[in-house]
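Each protein sequence line maps, in turn, to chains A and B. Counting from 285, one number per residue, gives the positions in the first sequence under our numbering. Counting from 4, one number per residue, gives the positions in the second sequence under our numbering.
Read the hints as simulated data drawn from the structure, not as lab findings. Note that beta-carbon positions come from the ideal geometry of N, C-alpha and C, so glycine has one too. Any given hint could turn out to be false.
Unchecked claim - One side of the interface only, derived from the structure: several residues of chain B facing chain A at Cβ under 8 Å:
| hint | residue |
| --- | --- |
| 1 | 64 |
| 2 | 66 |
| 3 | 87 |
| 4 | 89 |
| 5 | 90 |
| 6 | 110 |
| 7 | 113 |
| 8 | 129 |
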Amino acid sequence: MRSGDGQTAVREFTITVIAPVNGPALSIRTSLLPPALAGSSYSPALATSGGNGSQVTWTMLGGALPPGIALGTGGLLSGVPTAAGTYSFTVRAANSGQSDQKAFTIRVVPDDLSRFNITRVDVATVSSAISPHVQAAIAGWESAIRGDLVHEEIPSGFFSPTFCDGFGDVVNGTWVDDVIIMVNIASIDGRGKILGQAAPCGISDNALTVVGTLTLDADDLQPLVGTQTLTDIIFHEIGHVLGFGTLWSAGATDLVTGEGTSDPRFTGPQALREWQALGGIGSVPLENTGGSGTADAHWREATFRTEIMTGFVSPVGTPNPFGRITIAAMADLGYVVDYDAADSYALPGGAALQAPPADPLGWDVADPNPIVMLMPDGTARLIPR
Amino acid sequence: MSGLRDPRILALASLMVWSCASAPIRTDPAIGCYQFEQGAGARTLGLPWGVELDGEPLGPGWPLMDDLAGVRRARTATGPIARDDHPLGYWRPAAGDSIEIGHPGGGGVALMLSPRGQDLIGTGTANGDAIPLGSAPDPRVARAAPAQVVARRVLCGAS
Numbered sequence: 285m286r287s288g289d290g291q292t293a294v295r296e297f298t299i300t301v302i303a304p305v306n307g308p309a310l311s312i313r314t315s316l317l318p319p320a321l322a323g324s325s326y327s328p329a330l331a332t333s334g335g336n337g338s339q340v341t342w343t344m345l346g347g348a349l350p351p352g353i354a355l356g357t358g359g360l361l362s363g364v365p366t367a368a369g370t371y372s373f374t375v376r377a378a379n380s381g382q383s384d385q386k387a388f389t390i391r392v393v394p395d396d397l398s399r400f401n402i403t404r405v406d407v408a409t410v411s412s413a414i415s416p417h418v419q420a421a422i423a424g425w426e427s428a429i430r431g432d433l434v435h436e437e438i439p440s441g442f443f444s445p446t447f448c449d450g451f452g453d454v455v456n457g458t459w460v461d462d463v464i465i466m467v468n469i470a471s472i473d474g475r476g477k478i479l480g481q482a483a484p485c486g487i488s489d490n491a492l493t494v495v496g497t498l499t500l501d502a503d504d505l506q507p508l509v510g511t512q513t514l515t516d517i518i519f520h521e522i523g524h525v526l527g528f529g530t531l532w533s534a535g536a537t538d539l540v541t542g543e544g545t546s547d548p549r550f551t552g553p554q555a556l557r558e559w560q561a562l563g564g565i566g567s568v569p570l571e572n573t574g575g576s577g578t579a580d581a582h583w584r585e586a587t588f589r590t591e592i593m594t595g596f597v598s599p600v601g602t603p604n605p606f607g608r609i610t611i612a613a614m615a616d617l618g619y620v621v622d623y624d625a626a627d628s629y630a631l632p633g634g635a636a637l638q639a640p641p642a643d644p645l646g647w648d649v650a651d652p653n654p655i656v657m658l659m660p661d662g663t664a665r666l667i668p669r
Numbered sequence: 004m005s006g007l008r009d010p011r012i013l014a015l016a017s018l019m020v021w022s023c024a025s026a027p028i029r030t031d032p033a034i035g036c037y038q039f040e041q042g043a044g045a046r047t048l049g050l051p052w053g054v055e056l057d058g059e060p061l062g063p064g065w066p067l068m069d070d071l072a073g074v075r076r077a078r079t080a081t082g083p084i085a086r087d088d089h090p091l092g093y094w095r096p097a098a099g100d101s102i103e104i105g106h107p108g109g110g111g112v113a114l115m116l117s118p119r120g121q122d123l124i125g126t127g128t129a130n131g132d133a134i135p136l137g138s139a140p141d142p143r144v145a146r147a148a149p150a151q152v153v154a155r156r157v158l159c160g161a162s
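So here's chain A without its partners, still in its complex pose (with noise of 0.2 Å):
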């Protein structure tokens, strides 16, 4: 150091530095516990995120675990649930000098064997308002698909947490009976475009949905809520996730034909046999507008119109029926179906018979006019390009 007046003074200093006391702090990252099935092995695990690297020790602060479960001191959840119920509780997780607390809620369900279930597991809030068009779109699905399917263990660790829309952790760890849905709603895209998104995550030796996701966009939810359409367009998403248009090509057989093109169609049996009871000739066609995610994995607007299966939806005040060729579909991917869930649907008029073209038309069809079919009784058709 040097004075004004040209005077030096010299000293050392030594700076030790030092790994902070405790480290980032301890934090449990664990958002939510997947749902048990009553019987059958539970064995979540809870993580923690953070902390000074010391051994991380959990602890039950209050509440209580459902019957049969245990908590161990490494955070493992384990044991086989006895009861039905949803139980609260808090647990404690702490290292030498840091620690946190969480309350978390595990739902057990019952293993109904006689009938198929989905179990819903809400990833986000759902609110009051929004969750009965969740419930009746199940309780629609539920009574269309009959048949128990499958009652499968998702082993701890099966799902990487950026799996399944972000959520693959939170089914680690417990059986299924016979579909997991999980519902988000997030923010996707402002007003309009995207209302909402499904897939299936996980499938089984079936090739059917064991777990899926189900996301909607929080930004058009207000304006629907209390309608018939939020239930169909929930519904509709459910379908999704349960296959339609997801898994035709999962399976050993290739349900689609002509994906890509101007005139995909479905080639499942069971479709085709009510396709041809609506006045189809040939087999099911598939939406050929819209991009992906659209084409190839709904009914063709033009020729359904408002199925609930169609790749638009209709404006509110519009029945969307479930119609039987929706379900004739579900039965070709492997359900066992009910057609007495179906609601009364015919195809609009004149869009009934839907030949495939000889020659596929190419985007840049010039003649959109219809083609005029004379009818044995004289009375002439017109048929739909």
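Got chain A; can you put chain B on it based on the hints?
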């Protein structure tokens, strides 16, 4: 003066006034008919032959559009003359001089186009809801990349 009292001319004049009053008000230069160039982008998005942007308000039954500004009806052109209600059913002003075109119930595709001369040029994104098994861990990330869209202005009703 005497000619204006001619009942035939008065009838014609009143018909012209009625016609003008009931016709859509052409206040936006984007109003008109467009044919999509059928390139790779249009194929990726499954675009139809074209689109007609008109000045009419969107009809009832589309609550998602209710509080968006400037929403008007679009009609999907399946050919030079034929029209349908999907995949395109509305259009509205968007950022800058661009417009958004899509389906008022959501899904399908959304186009974001800007004027270039008489035409509209921009991108479109698939908004489909069905995500096939294994296509991506996060459907929102799996959204298709925007594809190039060129819409050439054509006379309505002409190819």
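Hints versus structure:
no., hint, verdict
1, 64, "holds, 3 Å"
2, 66, "holds, 4 Å"
3, 87, "holds, 6 Å"
4, 89, "holds, 4 Å"
5, 90, "holds, 5 Å"
6, 110, "holds, 6 Å"
7, 113, "holds, 5 Å"
8, 129, "holds, 3 Å"
The structure shown violates none of the earlier numbered hints.
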